[in-house]
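Q: Listed below, chain by chain, are the residues.
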Amino acid sequence: MCCIRAMRLIASALLLLLFLSAPPSYGQGLPQDIPRKELLILENPEGTIKNAGWFNIWAINAGSQSNGLQQVALDTLWYIDPEAGLDGAWDNSLAADKPQYNSDFTEMRVNLRKGIFWSDNVEFTADDVVATVMTQIMHPGMRFSAVMASNVASVEAPDRYTVVFKLKHPNSRFHTNFTVRWGAVWILPKHVFEKVDDPLRFNFNKPISLGAYELHSYDPNGKWYIWQLRRDWDRTTLARFGKPGPKYLAYIDPGPPDKRVILQLNHELDVIHDIAPEGMFALARQSKTTRAWFKGFPYGHPDPTLPAVIFNTQNDLFKNPDVRWALALLIDIKAVVMAAYRGACTISAIGVPPTGAHPETYHQPMEEWLKSFEIDTGKRKIRPYDPTIGKQIADMLRPSMGEQIPSDPKEVARAFGMGWWKPDPQAAQELLEKEGFAKRNGAWTTPDGRLFSIRVMVEGDLRPVMTRAGTMIVQLWKQAGIDAKIDLAQGTLPTRRAAGDFDTLIGWSVETWGGHQDLSYFLDSWHSQFVAEPGKSQPLRNWQRWSSPALDKIIEEIRTVDFDDPRSIELGKEYIKLAVKEMPTIPLMAYTVFTAMDQTYWTGFPTAENPYTNPVPNWGNSRYMFVRLKPAS
Amino acid sequence: MAGAIRDLFRDHAEFRIGAVLVAFVLLLSALASFSPYPPESVYVVPPDVPPSLAYWFGTTSRGQDVFWELSVALRNTLLFGAVVAMISRVIALVIGLLSGYKGGWVDRALMSVNDTFIVIPLLPLLVLFYFVMRDRMSWLALALIMACFGWAYDARLIRSVAMSLKAREFTQTSLFSGMSTREILVQEHLPHVMPVVFSTAMNNMVWSIGLEVTLAVLGFTDVNRPTIGGMIYWANQHAAMVAGVWWWIAFPIAAVTMMFIGLFLLAVTANAYIDPRSRFRTIGGAF
Amino acid sequence: MLRIASYEAADCGDPGSFLRHGGALMSGYFAFLLRRLGQFGLVLFIGINVAYVITHASPIDPVEQSISAVTSFGNTAPDAVEQMRSALRELYGLGATPLDQYRLFWSRILRADFGPSLSAFPTPVSTLIGRALPWTAGLLAVSTIIAWGLGNLLGGLAGYYQKSRTLRLMGVVAIGLHPIPYYILALLLLIVFGYLWPVLPIAGGSAMNLPQSLTMEFVASVLQHAILPALSLILIGVGSWFIGMRSLVSNIVTEDYVVYAELAGVRPWRILSSYVMRNAMAPQLTGLAMSLGGIFNGAVITEKVFGYPGLGSLLVDAVYAGDYGLVLGVTTISIVAVSAGVLAIDLLYPLLDPRVKVN
Amino acid sequence: MHAQAVPDVPSEAVPPMLSVRDLRTYYRANRLGIKREVKAVDGISLTVRRGEIYGLAGESGSGKSTLLNCVAGAIRPPMEIVGGDIDFAFLSGYGGLHRAPPAEVARVRWRHLSYIMQGSMNVLNPLRRLRSVFVDFAYPHVGGTRQQFERQLHAHLARLNLDRSVLSAYPHELSGGMRQRATVALATVCRPDLIIADEPTTALDVLVQKEVLGMIRGIQREMGSSVLLVTHDMGVHAHVSDRLGIMYAGHLVEEAGTAEIFRNPLHPYTKHLISSLPRIGDDAPRCGLGGAPPNLADPPLGCRFHPRCPLAMKVCSGEAPAMLETAPGHRVACFAYNQSGGA
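Residue numbers (the working numbering), protein chains in the order written: chain Y, 1 to 633; chain B, 1001 to 1287; chain V, 2001 to 2359; chain S, 3001 to 3343.
The shape of chain Y in the complex, shown without the other chains:
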């Protein structure tokens, strides 16, 4: 009797469940009351936003940046696209033309566009630019406060549409602070901030928009943000390229990789920011409508960032270039590429990402020099460069991937990269022995007789492919008799990286504009003036803490030549040669982002065939994507 009663109870509980799940009006993750056809759903890679109601991007906190705020609501003076761009890689956004420097780069004059309006009907003027700079200088602790304070002597608006910066010292790259590759100094609305007592404690909610979209609604728990096309979208800078396709944009936190795939297969996530290679392959296999940067293998978009084995060169073990070289010669890049990306990435032997404009500018011209490059192992001279490794990777993949793998050498080079260092354990051994290391019973010891131990720091599941690359490298070194271990830093990585609390790390200290050959984006920060003492925090991006007088000279000269000057390319090549000889980091490959785009509701996404911008949806310049998107028929 009681059993029956219990059964009844359970049955009714189950019925209740079914009943609750019954109403068909509730989709799964789709916004209510917004027609799917007018909506583009993108992944916000920042995940769940802790401080969801915070839109003051100029103050540092846990508010989101990639929730659409920087992509569609904010704007700044210039953009450099990592790809070809809608109208060239360089785009004058709020500025009417390129920055005008005086001859010694101590003054920068900017002409602004007219007829651009904030979403609350206030016109954008030079006063906003001046306020952006001055507010930040006056409030240390704001995001761009220090940069502005150290550079700007004064900023003035001679008229409503002109801004003149007087600089404290010559700086031919000052404009890059207002130039978006990924982000930059965003212009704040003076008419809002001038009424705020403490801009550090102001949440800027609801945000006033300078871009084509304005905030529609958001989740207080930080799972989603919905933006709506402004009625007056034609009074924003994007209007030059036409009317954006989607009326609504939703930036959501789709959760772990499995779920991203499921959501896209269910057509509830149009753009996946990034996913593990296997996820990408699964999507390519299972969904007819999913498209990635490359139509086939290797799918992903190579970012202008360059993952590398970064040595802590302040560590005694890694002060010596011969040791660094020996470790490089122990790496089989093919194994690393397979482990990290299943082959789906572009390798680079030199310290510049093999993406955007760089292969033409740097990789191809340097090929001959690389082929003839020699190192002295102490016993003999070897030429470590193997120009066929990219091709070897393609050949290795062809049996399982077939048609997808290009056979045209040019395409192979573009997709898989050109050459790399041939694994040469013998040379590595000679190099190590030259420096006093010894191999006993198959295990290497350091010159002072201790076990040669290397920890390879990786970030874990925050960057799965780098973790895999690190794991493979550890295995290769271990096979060579080095006591190598993976060091999973998880969330402590930024702190430890800055503190120099690591032996080696898989990460990048090289990143570039992508669409522009200038290397100052990262190279300037490699100047020895910024190298911290051991134990002190290292400012970005010279995580290897490498200082070289020769490099300082190169950097100092770059600072004095114009952004577009061909001389900077020559200086860039100087840097590359120096870095190859010294091997402060072992460059591996471009960081490939597997952005997956579902064409069920929208078409016209940027791809390798139509590279008008990069598809990675958290970049500030991903706004250019929206004007090209068309509803699928």
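Don't take each hint at face value.
Far from chain V, some chain S residues (derived; all Cβ distances over 10 angstroms) [to be verified]:
#, residue
1, Glu3059
2, Leu3160
3, Met3215
The following label-pair restraints were derived from C-beta to C-beta distances [said to hold, decoys possible]:
#, chain 1, residue 1, chain 2, residue 2, range
4, Y, Pro170, V, Arg2089, 25 to 33 angstroms
5, B, Trp1246, V, Lys2163, 36 to 44 angstroms
6, V, Val2053, Y, Lys434, 44 to 52 angstroms
7, B, Trp1246, Y, Ser372, 45 to 53 angstroms
8, B, Ala1082, V, Ser2164, 34 to 42 angstroms
9, Y, Gly115, V, Pro2098, 52 to 60 angstroms
Hints are computed from structural coordinates only; laboratory data are not their basis.
By construction, the Cβ of each residue, glycine as well, lies at the ideal position given by its N, Cα and C atoms.
Once you have looked at the hints, place chains B, V and S on chain Y.
A: Coordinates of chains B, V and S only, in the frame set by chain Y:
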């Protein structure tokens, strides 16, 4: 002992099933020593091969043979659970018996400590430990830390049993016969609480291994040492579920589930065999 | 301290005494209450201090985490970073001496204020917790109670009607589900109901673009979104309650008072409820109180797998960010909740089990 | 010690309150892999007349409690009734409660047949006040309003000289004697026809024992119920039982009026039981019986008492003696009386 196991085996279907399951899992983990590959190496076999004659449980996307990987993982996981269970049992026993027997301020002090351990949230603590200790956080260190936090509930349980034992006549007899506290606890009380220890050990293993899996999935363990959690971590990293490499996840799940159900059935039947109630009845002499 | 006479309740009544009188009992209870409250305070003090020490021993520097978040964002000159560092250090109040920080911490705690979050500066920790808590508490409280109720009901029935095939089958299912690592079960549910047979939402706490207000629509959406996470928690949770209750009950059914009641022809339902289940309830209620206290830890994996808003991910995020203000906020609440659960059970135990003596 | 005088001759016209015929109850176990059959009750026949207290005596392990459980219908595996019938005046035709339909059982329990259990420590639910227990047990049979029932309860307690405050007490708040008196009150509140009392005074001290026994006797007289009283304590039997059956190893070995048995015990085992009662003035310890009660899983052939019997003969180890009447109302199972045709 052997006779008891034979009897259990013959009379209880549950025991038979449990024994077979556990034996299978133990066998699988014992095979670990025969693994043809070093368990931490990757890309030693072709990746993503479905289960076949050559690779019984298939291969992972990291080029590992799931069979051998699982075998090593099971051994490591079992070892981990057993170490946590064993150490935490010892702590729980000492604290529980002492607290229950001594009473008074000893009891109050020990139970304050006990309650403190109960209330401190474990997960953030373990994560912080991981960050502080880094690669010194070996599985043994993790096991030690977990053992230090896994005894509090059971110590309370043992304490309540000990308190009831204290009221028994034989305790008084022992006391009058001049036995020391240690002797009374070890010789007289310990045998009575063993059934409780035995059954809580099983729960403790489920708990510790479950937590290990959780930590591994979140990436807070030494993921290069193959464990069940570590296998799932890497499977996640390679999106095995959606990539269709189901065998990478299915076999570890099946094995760990078999292990737990087997252990549970053994514990239950063995408990019925040495039913504490009947022991109390005969020994306590109250009936 | 409580004395719980377990198996041999018979020993409790000393032969000489008849009915003890209420007055003595009350004053005894009052003394016990005071002592127990003192112990509660002590446990809180130690627990919070341990949490304080441990979080401050964290190697993660909140300033560095903030800076890395900022600098990965744009082209920031290196010389500017040092200035930013000191500005943030001052802003976050990290310039003060450790002793002053400790003092400030306690003076805030006593006012139930956890100060500002460092990683979401200047948003108060309490605001962040307040946003996440209702989701966590709602989901976990409901699923814990359902799992508890269902597990105890079924376990009780299974212990009482040991021959019922249906109940045995349920036992096998409950026990079989119980040891599956939670993460895996959650993932399986997600794949079954979100992918193979997509009928349930697999992300978020409620539908997108639905204002969080007490409308039918919102409530329905919340319920619908909670089904999968709750189901996963219940499926895993039922097993242990089931096992516990079944073994308790199968011991109790052999007790003389149950046999006696059966001989007296007391109706089976009454025996089951008032003689069997009721007597097995006290330890199970203790467990429930502790579980309910524990919900303030959040459920990291549930939140991770189902993208459910809540304290768990807030806590892990806070650990990552080195935001010890937030870590301490969440842990303190959890410590208070668990201790309060234990305290409540200790104080209520005499009501649950009149045999328990207060001494 | 003295026994009360009781009419030895049954009134033939009225059917007995309880009649057990050739009851055989075995424990069939498969414990530890060994199949065992314990013949706890092996062919017992007895009757309990109306208005009498029938005592059942024997060592522990003689099958007394098993017999009681059979009568009470409390059959749980591994216990099994293999043969025989149990009929009640208020329930006949089924051969025992265990075979009766549930509705009949429910009708009979407590209203007609109640039970005083061995060791009152654990027989009352420790978490329920006595009032609730009374309500659970008796109220469904009594009917009426709760107020009426409460009044009835008070009257009943008053009759037994019990304070009504016990109703508000938890079992553990009462002394052992109090608890047992409450149990008696509980067993008699419905004025049942037959009360089964299993060691009702064991573990009580002598004074309390006497009180409780007096109480049972008194209420039994007043209500005219029959009582089946089981205890190993011959002193108790001498005090209250009208007739007495002696059990040994699953068999009834002797049965007679209490006075008759104490005056003229026939079976050597009965003699032993009676002679072991302490008497004032004893100075030398009386010699006990050698040996131990038999293992019922493997009982000795023939008379089960023969290995310990001072009078054992050859025949005793070969066949079991039948129960024969040696005098009106006096039956014994012993070859010593069988062959000689009664002493």
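Q: 52 to 60 angstroms was suggested as the range; check whether the CB atoms of Gly115 (chain Y) and Pro2098 (chain V) agree with it.
A: Since Gly115 (chain Y) and Pro2098 (chain V) have Cβ atoms about 56 angstroms apart, the given range 52 to 60 angstroms holds.
Q: Are all C-beta atoms of chain V more than 10 angstroms from that of Glu3059 (chain S)?
A: 22 angstroms, holds
Q: CB of Ala1082 (chain B) to CB of Ser2164 (chain V), is that within 34 to 42 angstroms?
A: 35 angstroms, holds
Q: Is it the case that Leu3160 (chain S) keeps its Cβ farther than 10 angstroms from each residue Cβ in chain V?
A: 16 angstroms, holds
Q: Look at the Cβ atoms of Trp1246 (chain B) and Ser372 (chain Y) and judge whether their distance stays inside 45 to 53 angstroms.
A: This hint holds: roughly 51 angstroms between Cβ atoms.
Q: Checking the smallest CB distance to chain V, is Met3215 (chain S) really beyond 10 angstroms?
A: 17 angstroms, holds
Q: Does the Cβ pair Val2053 (chain V), Lys434 (chain Y) satisfy 44 to 52 angstroms?
A: Check passed, 49 angstroms falls within 44 to 52 angstroms.
Q: Could you say whether the range 36 to 44 angstroms given as a hint is met by the Cβ separation of Trp1246 (chain B) and Lys2163 (chain V)?
A: 39 angstroms, holds
Q: Does the Cβ-Cβ separation between Pro170 (chain Y) and Arg2089 (chain V) fall within 25 to 33 angstroms?
A: Check passed, 31 angstroms falls within 25 to 33 angstroms.
Taken one by one, the earlier hints all hold for this structure without exception.
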